[in-house]
Structure formats: C-alpha cells, structure tokens
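2 protein chains.
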Amino acid sequence: MKNDNDDFHKEISFLKSEINRSLKKILVKSEPKYLYDPIKYSINNSGKRLRPILVFLSGKLFNANVSDLMKAAVAVELLHIFTLIHDDIMDDDDIRHGKPSLHKKWDISTAILSGDAIFTLAQLAINSLDKNTYSRLNEISLSVCEGQALDKEFENDTSISMDKYLDMIAKKTGSLLGLCSELGAIVSEQEIDIRTTLYSFGVNLGLAFQIQDDYLEIFGEPELMGKSLGSDIHSGKQTAMTILARNMNEKEWIRLNSKKTDLQGYKNFFLENRIDHEIKKLVEYYINKTSKSIEFVKSSENNFLDDFSNYILNRRY
Amino acid sequence: MKNDNDDFHKEISFLKSEINRSLKKILVKSEPKYLYDPIKYSINNSGKRLRPILVFLSGKLFNANVSDLMKAAVAVELLHIFTLIHDDIMDDDDIRHGKPSLHKKWDISTAILSGDAIFTLAQLAINSLDKNTYSRLNEISLSVCEGQALDKEFENDTSISMDKYLDMIAKKTGSLLGLCSELGAIVSEQEIDIRTTLYSFGVNLGLAFQIQDDYLEIFGEPELMGKSLGSDIHSGKQTAMTILARNMNEKEWIRLNSKKTDLQGYKNFFLENRIDHEIKKLVEYYINKTSKSIEFVKSSENNFLDDFSNYILNRRY
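Chains as they are written, first to last, in numbering that gives the first Met the number 0: chain A, 0 to 316; chain B, 0 to 316.
A hint or two may mislead.
Because identical chains share one entry, a pair is satisfied inside a single copy or across any pair of copies.
Pairs of lysine-lysine residues, derived as DSSO-like cross-links and limited to a Cα-Cα distance of at most 27 Å, are as follows [unchecked claim]:
1. LYS236 with LYS98
2. LYS163 with LYS39
3. LYS250 with LYS70
4. LYS32 with LYS236
5. LYS39 with LYS258
6. LYS23 with LYS130
7. LYS288 with LYS32
8. LYS98 with LYS279
9. LYS23 with LYS151
10. LYS259 with LYS151
11. LYS70 with LYS258
12. LYS163 with LYS151
13. LYS163 with LYS98
14. LYS151 with LYS104
15. LYS151 with LYS32
16. LYS163 with LYS32
17. LYS236 with LYS103
18. LYS28 with LYS236
19. LYS28 with LYS151
20. LYS9 with LYS32
21. LYS130 with LYS24
22. LYS163 with LYS28
23. LYS23 with LYS98
24. LYS291 with LYS47
Hints were generated in silico from the structure; no laboratory data involved.
This one's a predicted model, so the numbers in the text were calculated from it and none came from an experiment.
Based on the sequences and whatever the hints tell you, model everything.
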C-alpha cells in the first residue's frame, strides 16, 4: 500500500467512469428491441464495476496497454452481467441492483436470450487481443458454470462440508475475480508464474468476498444491498453462515429450521453462537492470503491491490 | 456435382462418425453431475450433424488441414446444440430428436446452465485456431440471437411480411449454415471474397432448408421428424406457410384461424390454395442461388456442395 486512500479512491472513481463509458459504446444497435432493450437495461445498471476495476489495477502493475486492458475489462464485466442474469432466473431472484431482475421485468425467455447475447458480446470485446485472453476467459466461464452447478446440487443438502462449500465458491465467485487479476498479467504478456500468482490473489479475494457476502445476506442493510435479505436461508441454500451454524450447534440449528423462523430469529442464533466472529476470522484468513500472494509487487508504486481488497471488504452493503 | 451419389453418401457417413467420435472426446469430465449429465445427454443425441459435415465439405475444396477443420466442426455443432437447448425452453418444445428436450427431462435451470456451458465448450474447441475463426463464430452467434429475438417478436404478429420473415430466418438459421460453409475457407486462409461467397452459399441453403422445414412442419411425417407437427401454427408462430396463406387468401385464412382447426383442416387449406406449390417454388429459388454462388468451384473434384444441398432438401422428414 504505497498510496494514500485519496489517491486510491480517485483512481477507482476515474476507472469506473471510464469503464461505464466503454460499456455504453458496446450498445450501438437498438434493433431488434426484443433483444437490445433488455441488454441496455442490464448493461446500464448501477453495478460497482469491481471486476473491470481489478483488471486495471492488475494491469497497472506491469504498465499494460490501456486500450487492451479496457477490452479485457469490458469483457469480464459483460461475462459477469451475463452470469447474474442467468443465475437470477435459476435462483428466482426478483431484485438486482435495486431494480427488478431481467426475467421479472420481462420474462424468462427474454432473459435467457439477452444473457446469451451479452456472453457473446463479451467474446467479441476481446477478439483483437492475444489468444491467451480468449482461452482464459472461456476456461473461467466453464469454471463459473461448474460452480453454479455445485451451488444448485448443494441446495437443501445439509451434509455439505465447509471444504466442499469453499471449493464451490472458489469456482463460482473466486475464479472470475482470479481471471480479473490475472488479466493484467496476460495483457502485458507476463510469465506463467506471475499469472498464476495473480490468479490466486483474485481467487482468495473472491473467497473472502463471498464469505463476507454470506454474512451481509443476514447482517447487511437491505437498502444498501439493493435486495431483500435472508432469502438464501429460506430457499435452502448452503452458505458459510449455515454451515458454521450446523458445525457449531447442530441440535439447536435443526430445531430453529424446523419451525417458522424470521430473519431476526436467525440473527439472534448467529450472535448467540458467535458465528459472526467465526465468519470474520475466515474472511481475515483469506485476506491475509491475498496480501501474502502479492508480496513480490509490494514495492511497486502502482500497487493498489491491497487497497482494493480493503475497499471491497469494508463495504457495509 | 462431380461425384456419384455413392461416393457422397460414403463421405458423409464417414464424416458423421468421425464427428461423433470427436464430440465424445469433449466429454472428459463427469462432475458436477448436475452439469455434465445433461451436457452428455445433449451431445450424445441422434442429430444428423449436418453443420459440421458442411464445414468438412467446404474445407475439402481448399484442402484445409483436417485436424483444424475438426475443431471448427465440433465448435459449430456445439454452438448449434446450445441454441437448440435454449430455444426449446423459449418455445416450450417438449421433444428434440425423438427424446424429451433437456428442460423437460431435467428443468429450466439445468437447461439454461448446460446450454451456457456447451456454448463455452464451443469457444474452447477452437482456441488453438486463427483468431478469425473465433471472431466469426461469435459474430454469427450474435446474429443467431438476433434471429431468435425477431422470431419471438413476430409471434402472433399477423402483419409480418415475407421479406421480414426471410430476414429473420436468414439470421436465425441461415447465418449458422453460412458460418459452416465459410469455415472451410477461413481455416484454409482464403481471401475475403471466397469467404463471402461461401458464406452466401450457406445462408441461401439455410433459407431453403428453413422454408422446407416450415412445409414439413405441416406435411412431414411425425415419426421421422421426431416431434409432433403443427405446433408452430397453434402457438402463433409466423412461418413461410402462414405468411403465404395470409397473402393468398387472407379472408379464408382469418376465418380458419378464428375457429378451432386441427392439422388436417390446415392441410386442406394449404392444398386447396396451392400453397404447397408456392413453397416448393420458393425453396427452388434459394437452391438455385446456392448452386450459382459456387460455380467457381464447380470444376473441383472435391466439390460435394451441390450433393449436400440435394441431400438435406430431399429428406422426407
């Protein structure tokens, strides 16, 4: 962390507006409206653009070409948007970024097709870059599909261990963040060991992020999260919170689930069993791993990666 | 057509089995089962593999590298399978290749995710080929999405002209066949004018194919088609048959649609108004265009393209 916080916040605010400008440029077509209206709705969302920002922060370490970085950054954001649209159908989530999810605003068919087209736009965004970018984007896309498949398999399966859960979120959430931090190295043609190290940085950051998200799903502020809370528990999803709950006080946890319990009831249980503390320890463990993995660039003036970890983990939403 | 029919049939039967062998090799993973069981189900179908066969027949003209052609062939078949899975959800089609469609055998979530993964596998299949392959595959994929969007827009819109309909099927069906015939030229690094000509060949073939499909949707044999017939009309889809019906005898056509009419009722109407003849003329028009577009390779000993057009259009199913 060579830079003071002001520099960092200026940097990400600048990057976010540049990324939004480039995303808008993707939207040159308007017909057929059946396809491009929902695509516009999804791309012009109020997303935080964390993934494309990470592409830039990683590329900065190696003075990567800015125009190439932007192509890679746009591609990962489009890939992310596409997975959210399809996941929202699969998980029947009604709200995304404080607005109706695409399949609620339109319908399932429209959401499937728009997602497919946005995935295709992600591929096209990088068609002038080196083939490694393309291969890696698609390897990670397959990994994200596998992660989502495991997530669906685990639903209502109360035998899932923390290890299996961590493997699932490493694929579903970690691999895409890993791709983002690796892309800066790919675009600047770094050696494979540097690529691998930056990939691990992103994966561990993704684990920390998702575990914290499981916590915020219970203890966050609904207005800031832009969605209603507690839905994962009620739909039988396994999360770091529910697995810790089961591990730490199984009898009471089963009793709690066997009766109609509201969010406050779950909150009380988690606090009484100090599961909020355990979760925070787990998040810290993965954050330390991210920080250690990038020690080799710690001396770089352009190293904003630790600031970035702190930034995305200090969100109250 | 330099080759007698026996040679041609031996060739496509050989290609089909080679293509099936390569498709099987894609299936190296088996976990998570939630993802890979449905992927296997879809890839091991009884499809005719027309699109990958066309890639080979086109590549043969230019003595393209066989291993590269196979990668491109596998990619287009996977792209095709992916679009069928998602289209079957959108169109609520229950049967595909004589078996339950994926979302009927499993559910919509599984079908969305498997389709996404198969699309990704298509991208990975060509990651060692020239970047043109990748760009073109994705340009066409976007065009197929646009075609499907127009198809959905046109549902129950009885003002759609034949021109608009042809534009829609050129995108939805034609462009993928265009890609297949163009790929032989791309893989062997032909000049852009040759690529464009071969692309037109495939697009026109696709138009002929789809218009004939509209005819067979009414007059085909359900057992051979592997699906129930007449569903397009009952779901309000616009097809070449319904547009011709409207153009040729609008008053009677409206009357027919206002009452509960079975498939035989529609058949009688089409025969009485000689719409079957009109359709055949339209199919012939596009077939002539395909044949003319490839006159420059007519003298090639390796030219099976006309045989291929005849082959796919002489199907009774």
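Q: Please flag the earlier hints that this structure goes against, numbers listed from lowest up.
A: Result: hints 3, 5, 7, 8, 11, 13 and 20 break, sorted rising.
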